[in-house]
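Participant: As given, the protein sequences belong to chains A and W, one line each in that order.
Letter by letter, the first sequence follows residues 1 to 341 of the numbering used here.
Letter by letter, the second sequence follows residues 1 to 341 of the numbering used here.
Hints in this document: simulated from the structure, not taken from any laboratory.
Wrong hints could be hidden among the right ones.
[Stated by the list, open to error] The list that follows gives simulated cross-link-like pairs (lysine to any residue, SDA-like), each with its CA atoms no further than 25 Å apart:
no., chain 1, residue 1, chain 2, residue 2
1, A, LYS328, W, LYS160
2, W, LYS250, A, LYS328
3, A, LYS251, W, LEU269
4, A, LYS330, W, LYS250
5, A, LYS294, W, TYR170
6, A, LYS294, W, GLN167
7, A, LYS43, A, ILE77
Protein chains: 2
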Amino acid sequence: MMLKNDLLLRAARGEVVERAPVWLMRQAGRILPEYRATRAKAKNFVEFVKNPELASEVTIQPVDILGVDAAIIFSDILVIPEAMGLPYEMIEAKGPRFQNTIQTKADIDKLKIADAGDLDYVMKALTLTKKELNGRVPLIGFCGAPWTILAYMVEGSGSKTFSKAKQFLYTQPVLAHALLDKITQSSINYLKGQVTAGADLLQIFDSWAGVLNEKMYYEFSLQYISKICTALSPLVPVTIFAKDAHYAIKKISETSCASIGLDWTIDPLKARQEAGKKTLQGNADPCLLYSDEKTIISETHAMLEAFGIDRYICNLGHGLYPDIDKEKVKLFVQVVKEYKW
Amino acid sequence: MMLKNDLLLRAARGEVVERAPVWLMRQAGRILPEYRATRAKAKNFVEFVKNPELASEVTIQPVDILGVDAAIIFSDILVIPEAMGLPYEMIEAKGPRFQNTIQTKADIDKLKIADAGDLDYVMKALTLTKKELNGRVPLIGFCGAPWTILAYMVEGSGSKTFSKAKQFLYTQPVLAHALLDKITQSSINYLKGQVTAGADLLQIFDSWAGVLNEKMYYEFSLQYISKICTALSPLVPVTIFAKDAHYAIKKISETSCASIGLDWTIDPLKARQEAGKKTLQGNADPCLLYSDEKTIISETHAMLEAFGIDRYICNLGHGLYPDIDKEKVKLFVQVVKEYKW
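Using the sequences plus the hints, can you model the full thing?
Facilitator: Next comes the structure, spelled out in structure tokens:
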């Protein structure tokens, strides 16, 4: 199937583009009334994620409504712990909760290495979405970085500090590496399945990168991300988004990733210096979209000018917040598309 | 009163020291059973903070028990909103809550500019502590940075994103500056009172610096911190600790502060390059203190070597977590004191 709009893939590969592609993290989400209507059809979040028809529906909504240049499959990074034998639930307004957490070698031994078949519902959602998209835009697949997944499996929930998960790294480094290795193998199997099912590009989300110091980050996170990149990069472009890991851009650029996601604390010019020939993705503050139209336009223009047209994918520096007005999101997309590159 | 141990003040001023001074953020706190015993005498956290005898007692405990080179007055950054007319309560295991928040010009107009007299209980606690310390170690006073205080006053509680507070900056910049100005004036009055009452050094905590991007940080935070520094630096050394504002070290060094606090994501050598002649303070990951003794010793040694003896104050990169073993904290202090500088 030929893509009618392959801007994202060309930008990721560093090829010539007419303008930068634009999509938004959490574009399939609560900012859209259409999403909330679909979400209401499932009895809870986990069931919602496991329903390929509903997941596919909300994946395509932002392509229709916002006019973005890519779809990203609606799912959750925590499907991996569940596929490995550690189920989660999503508590409204609080976030994920694991009834059981990982603390001992026995806990890790009990976990299975997941394969794509264990996540058949995601594969079905991708296949269905790919068919429905009919080549309009590329489809992005994703997983969480092994450190971020470990953080949830050990901590058992979200946390400001992830001090329990970090305590595990400091006190049980051998077990931590054993767990990271199992998560990495599962993630590679999972992402290979996603490519087979139709994903055109993959993004690895390291949401909790920023709670680690530089040395710990390389030892417990980036080396595993790098393994995933090495396994997947021959198939499709891979984006690494390590939130708040401002110190790691150069090392991230030494992996086989195609592009690097940046949060809004990173200066585009500094990132260009450190990232070599890698494509950069980002990095507007989601809160910018609370502003008036004039501010959104001028700040977005400033960002586009700073990044330039080459090797750039326009996005936010983090996911959309649920209370952002969808008209402001549409404006942001429109500003990028109409910019005189 | 001559100080018997003035290492902290000499290090802050960039003078010659025999070894680096060491103290820890949140050293007066739940890691000490003695703190918990004193805390139990007050009916809630706010009453605890307002009781000069109890506040003084827990301020001195870590000097006796941990052997640190400084005391920091036990208080809370949220005494400033309260003194301005916006009271808070502290919910166990959840954090601060404000019944009323700031949203409109009328809300801001109603706030008073606090003076030291409005915070008489802190002045009394400082006077009492200064007397009890009897010159053993310097006494540190502190306040929150105006942006961090605004963040709580607008958001009404802690938050992962502080998206409501940031929305206020993006949509109501004129009101935000009016509020920041009132907080800044209150903070200057408050800190001048602290110096009169005996504080030998002041620290400004910008706990939520890291949720702002660089441009917003300079406009809505650093310029107000700088005004506080300009007002107080002629009296005592001032430390600025802007957590997660990795991009701002150079600009912070251009204020009249004496020293700059660093979180654990900052490389000491990089900070030295950017901070010019300013003293640096930090920056061990609090979670290091969950480790075994060997790891604590080797990682602390590595940090001391990286910073060097000149213009350095040893500390953590954030406050101690309540479940850290106090024996590990004592070890950390001892390692610094016994290091062959």
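Participant: Hint by hint, note whether the structure agrees.
Facilitator: Evaluation of the provided hints:
no.: 1; hint: A:LYS328 to W:LYS160; result: holds, 22 Å
no.: 2; hint: W:LYS250 to A:LYS328; result: violated, 34 Å
no.: 3; hint: A:LYS251 to W:LEU269; result: holds, 17 Å
no.: 4; hint: A:LYS330 to W:LYS250; result: violated, 37 Å
no.: 5; hint: A:LYS294 to W:TYR170; result: holds, 12 Å
no.: 6; hint: A:LYS294 to W:GLN167; result: holds, 15 Å
no.: 7; hint: A:LYS43 to A:ILE77; result: holds, 20 Å
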